[in-house]
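Peer 1: Listed here are the chains, written in short residue letters.
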Amino acid sequence: MHLPDGLVPLELALAGYAGSALLTGLALARIKRLPDPRGELPRAAMLTTVFFAASALSIPVPPTSVHLMLTGLMGVMLGWFAVPAILVGLFLQAVLFGHGGLTTLGLNGLILCLPALVGFAIWRGAGARWPDLAALIAGGGAVLLALAIFAGIVLLGMPAALDAGAERAALAVFLLAHLPLVLAEGVIVVVLLRVLRRIEPALVPHG
Amino acid sequence: MSLLQIKQLSVGWAGQGAVLRELDLTIADGERVGLVGPNGAGKSSLFHAIAGILPPMAGTIRLLGQPVRPGAFHPDLALVFQHAEDQLFCPTLTEDVAFGARNLGLPEPEVQARVAQAIRACGLDGLEERPVHRLSGGEKRRACIAGALVMRPALMLLDEPSSALDLRSRRRLIALLSQMEQALLIASHDLEMLLELCPRVVLIDQGRICADGPAREVLGNHELMAAHGQEVPHSLTPHDWVSHDHDGAVRTAP
Amino acid sequence: MSLLQIKQLSVGWAGQGAVLRELDLTIADGERVGLVGPNGAGKSSLFHAIAGILPPMAGTIRLLGQPVRPGAFHPDLALVFQHAEDQLFCPTLTEDVAFGARNLGLPEPEVQARVAQAIRACGLDGLEERPVHRLSGGEKRRACIAGALVMRPALMLLDEPSSALDLRSRRRLIALLSQMEQALLIASHDLEMLLELCPRVVLIDQGRICADGPAREVLGNHELMAAHGQEVPHSLTPHDWVSHDHDGAVRTAP
Amino acid sequence: MAEALPTASLSARARLVMAFILAFGIAALQNLVALPIAVALAIGALVCAPERRAVLYRLRPAALLALMFLIVLPFITSGETLVQSGPLRITKEGAHASMLIAGRMMVIVTLVMVLLAPVSAFRLVGALRALGLPALIADLAMLTLRYLDEVTAELQRARVARALRGGATGLRGLPDHALLLATSLIRAQIRAERLWAAMRLRGYGMRHGTLPTPLAMRDWTAIAGTGAVALALVALDRSL
Chain V
19 MHLPDGLVPL ELALAGYAGS ALLTGLALAR IKRLPDPRGE LPRAAMLTTV FFAASALSIP
79 VPPTSVHLML TGLMGVMLGW FAVPAILVGL FLQAVLFGHG GLTTLGLNGL ILCLPALVGF
139 AIWRGAGARW PDLAALIAGG GAVLLALAIF AGIVLLGMPA ALDAGAERAA LAVFLLAHLP
199 LVLAEGVIVV VLLRVLRRIE PALVPHG
Chain Y
33 MSLLQIKQLS VGWAGQGAVL RELDLTIADG ERVGLVGPNG AGKSSLFHAI AGILPPMAGT
93 IRLLGQPVRP GAFHPDLALV FQHAEDQLFC PTLTEDVAFG ARNLGLPEPE VQARVAQAIR
153 ACGLDGLEER PVHRLSGGEK RRACIAGALV MRPALMLLDE PSSALDLRSR RRLIALLSQM
213 EQALLIASHD LEMLLELCPR VVLIDQGRIC ADGPAREVLG NHELMAAHGQ EVPHSLTPHD
273 WVSHDHDGAV RTAP
Chain L
33 MSLLQIKQLS VGWAGQGAVL RELDLTIADG ERVGLVGPNG AGKSSLFHAI AGILPPMAGT
93 IRLLGQPVRP GAFHPDLALV FQHAEDQLFC PTLTEDVAFG ARNLGLPEPE VQARVAQAIR
153 ACGLDGLEER PVHRLSGGEK RRACIAGALV MRPALMLLDE PSSALDLRSR RRLIALLSQM
213 EQALLIASHD LEMLLELCPR VVLIDQGRIC ADGPAREVLG NHELMAAHGQ EVPHSLTPHD
273 WVSHDHDGAV RTAP
Chain W
54 MAEALPTASL SARARLVMAF ILAFGIAALQ NLVALPIAVA LAIGALVCAP ERRAVLYRLR
114 PAALLALMFL IVLPFITSGE TLVQSGPLRI TKEGAHASML IAGRMMVIVT LVMVLLAPVS
174 AFRLVGALRA LGLPALIADL AMLTLRYLDE VTAELQRARV ARALRGGATG LRGLPDHALL
234 LATSLIRAQI RAERLWAAMR LRGYGMRHGT LPTPLAMRDW TAIAGTGAVA LALVALDRSL
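Residue numbers (our numbering), protein chains in the order written: chain V, 19 to 225; chain Y, 33 to 286; chain L, 33 to 286; chain W, 54 to 293.
To be clear, the hints were calculated from the coordinates, so they are not data collected in a lab.
Since no wrong hints were added, every one of them can be taken at face value.
Residues from chain Y that face chain V, not an exhaustive set, calculated with beta carbons under 10 Å:
1) Cys122
2) Pro123
3) Thr124
4) His165
The following residues of chain Y were derived to be distant from chain V, with all beta-carbon distances above 10 Å:
5) Trp45
6) Pro102
7) Val143
8) Arg152
9) Gly155
10) Arg203
Note that CB positions come from ideal geometry on N, CA and C, so glycine has one too.
With the hints as extra help, turn the sequences into a complete structure.
Peer 2: Set out below in structure tokens:
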């Protein structure tokens with residue numbers, strides 16, 4: 019679920035870049051405040067590699083198969099590092115595989131980074147008290163939020179003359195098509211965070 | 033009826049030509065066979081083909097008389113990977129060992145019994161609740177074997193089981209394997225281990241079987257071994273005392 | 033002045049008690065020392081302490097007369113880890129080898145000259161632009177050594193350098209190490225290799241030095257080695273021909 | 054053949070800047086006047102590119118998407134009827150919008166791929182660093198790229214191991230995928246610790262940012278030329 023090049027008007031693409039730049043600046047500032055930002059880098063990079071590799075492999079969810087997005091989980095495990103990690107992933111996907119686009123890098127960054135940061139906030143706030151619920155929201159909920167932002171941007175960018183009925187139908191189809199992903203991601207993040215909290219709690223702070 | 037019967041097997045990875053060429057191999061029930069050869073000789077490809085991971089380009093593979101169907105689940109056959117980490121993915125040792133047994137659809141008491149037995153057989157008692165990534169190298173290796181044993185396979189394929197183990201762990205592994213009743217096909221560069229475990233050794237190079245016979249004869253054949261980039265194991269080299277040059281040549285002291 | 037001087041060193045990981053206890057060790061310039069002992073004896077901890085990764089609980093470590101400061105960059109000292117993969121973190125061989133030299137702040141022509149020299153010394157010519165993950169196991173190991181050599185360290189610590197190498201790669205590695213002028217401290221279970229490379233061997237167990245002396249004397253001492261879970265290397269065992277029991281005991285044939 | 058092309062010797066930095074200029078220039082087109090010229094430009098670039106096979110392969114996802122817009126949009130946009138057949142009605146506005154979107158998409162992706170295909174991902178990240186990308190992000194990208202193939206292979210081997218032990222398929226297999234992912238993350242954490250030790254021992258962070266080598270004359274020329282083309286296209290587009 020990436021916005022391709024050429025779909026949205028230039029102004030919107032530029033606004034996306036501004037938004038992503040702002041988020042990146044904020045994230046870098048927060049990372050610099052960590053006790054040992056440089057020492058955190060290898061960990062963030064290695065986890066990012068796993069997220070990136072895992073989302074490239076498809077997972078069967080009958081009757082279809084999905085590619086995990088893992089944005090909420092990235093927020094939970096990487097914190098503010100999720101923002102640069104996601105942008106790096108998006109850039110590489112755009113130039114290596116033609117998924118997404120260069121002009122829409124900023125918008126795609128917002129679509130994934132905002133849910134990641136929401137996932138981070140939810141886990142930090144509620145992970146210790148209601149871990150499963152927080153994991154479910156950080157998993158499936160983050161996908162829903164990303165879908166919503168994606169749909170919002172597409173509606174903003176589409177030609178004004180779009181038929182209202184068709185628009186609603188397209189939205190419904192879009193949501194339905196992604197329900198398996200929401201389900202898979204919710205289940206996987208809940209199970210995964212349960213396991214990590216049990217055997218390697220250092221990997222999931224705030225849990 | 034032989035346990036494993038491979039006939040005229042040719043195998044290759046997509047677009048890279050054949051890795052194994054018209055290979056014949058038969059293994060009897062309970063037999064222990066060592067598989068040696070230089071890196072890239074085709075040992076891993078052979079394992080992948082037998083396990084049904086890599087579909088053959090030609091030829092047949094039969095296990096207990098039934099053809100091995102690529103991609104299907106064959107509980108009669110277990111593959112122990114070279115990197116233990118690649119195959120231990122459950123949170124704790126017990127859960128990991130139980131994984132295969134649960135997938136056989138056995139009743140839970142039977143699963144528990146088999147798990148306890150496999151853990152004991154592999155000398156992992158007391159580590160039941162240990163997260164798998166906290167096990168030592170040797171324990172991980174034995175945990176993989178326990179996870180295979182629990183399915184009661186008729187044939188186990190082991191890929192470099194002794195690599196990266198210290199002497200004590202290696203000893204324990206050899207003792208464990210020597211007690212097993214399953215047929216074993218062991219690919220290894222650890223020729224001393226093969227000499228201890230396997231009465232029969234198969235040498236492959238460039239996708240073909242170059243020798244198949246009693247371990248001492250194959251591994252002790254200087255000419256044959258050298259021709260395929262192998263060294264005869266120390267314990268088969270008659271010598272009283274040796275010293276080594278710095279260039280690595282072995283010289284027998286007077 | 034000795035190259036490395038360790039006095040009364042005690043080291044431990046947080047909350048797990050001491051792993052090394054009041055250990056003394058001195059290594060002279062250009063000396064090659066083998067370090068043996070069972071897993072968990074403290075070999076890795078000693079390496080980590082010498083390299084300044086693990087701050088000592090007590091005692092001093094001096095390199096070239098200067099104390100080793102934990103966390104600081106000590107270009108005189110290089111550590112080659114057991115996992116080659118995890119220390120080759122740059123895209124290509126050349127870039128990886130150059131990494132340490134660039135961080136020394138050397139002018140670029142000097143960096144280039146050192147890189148070329150290190151790559152040649154390690155027999156990696158022709159692989160300069162190869163992505164590191166495309167190197168073979170033996171090449172990776174030598175690439176790690178090249179990346180260390182480029183900083184011109186006075187002391188190199190090598191952790192299990194021959195593990196997971198096939199015979200040919202192991203031979204090449206031994207030939208390479210035997211030509212180096214640096215002082216080497218080599219932790220390994222590959223006793224035959226230590227016998228070839230190191231005139232002196234240190235045996236540690238349970239965080240203490242149990243023996244320190246000429247390699248043949250330490251490694252050839254059956255009683256001592258057995259007491260610490262080690263086996264005397266085959267080439268130091270006088271025998272004509274041996275056969276093996278299935279329980280793994282070595283029995284000399286009549 | 055590749056040597057004969059004027060673009061063959063361009064630096065990765067120049068290629069990146071050119072890719073961004075062209076991408077944004079084309080994205081700014083709003084009419085169907087300048088677009089055909091851009092399409093011709095893209096086709097020409099693709100035909101001349103030595104890596105056209107690889108580029109064509111990477112164009113597939115974008116082509117699929119563009120096709121979808123071409124087929125769907127004309128029918129669901131209200132406006133002046135162009136063609137009508139039963140309940141299906143193609144509008145002028147819809148046809149215009151679909152061609153514009155699909156055209157821009159394909160032109161941008163083609164040009165970007167042609168420009169960047171000869172450069173490895175590592176060099177692209179290096180170029181971004183030279184263009185001012187913060188060191189932390191550049192290092193993160195380098196390390197991620199370095200271990201990506203390996204981690205993917207590990208994950209795939211783990212999946213095979215799961216299948217060989219009869220792992221459930223379909224929905225019931227989902228929790229297993231969580232376990233595989235958890236194991237992978239733990240391995241990543243352990244690897245990161247070793248990696249950090251190795252990086253520090255070889256002086257990571259000791260180097261004070263070396264200045265990137267200045268761009269060559271041909272790089273500047275190419276960038277300026279690209280800028281001029283993009284400006285001309287936009288000007289033509291707006292002139293109507």
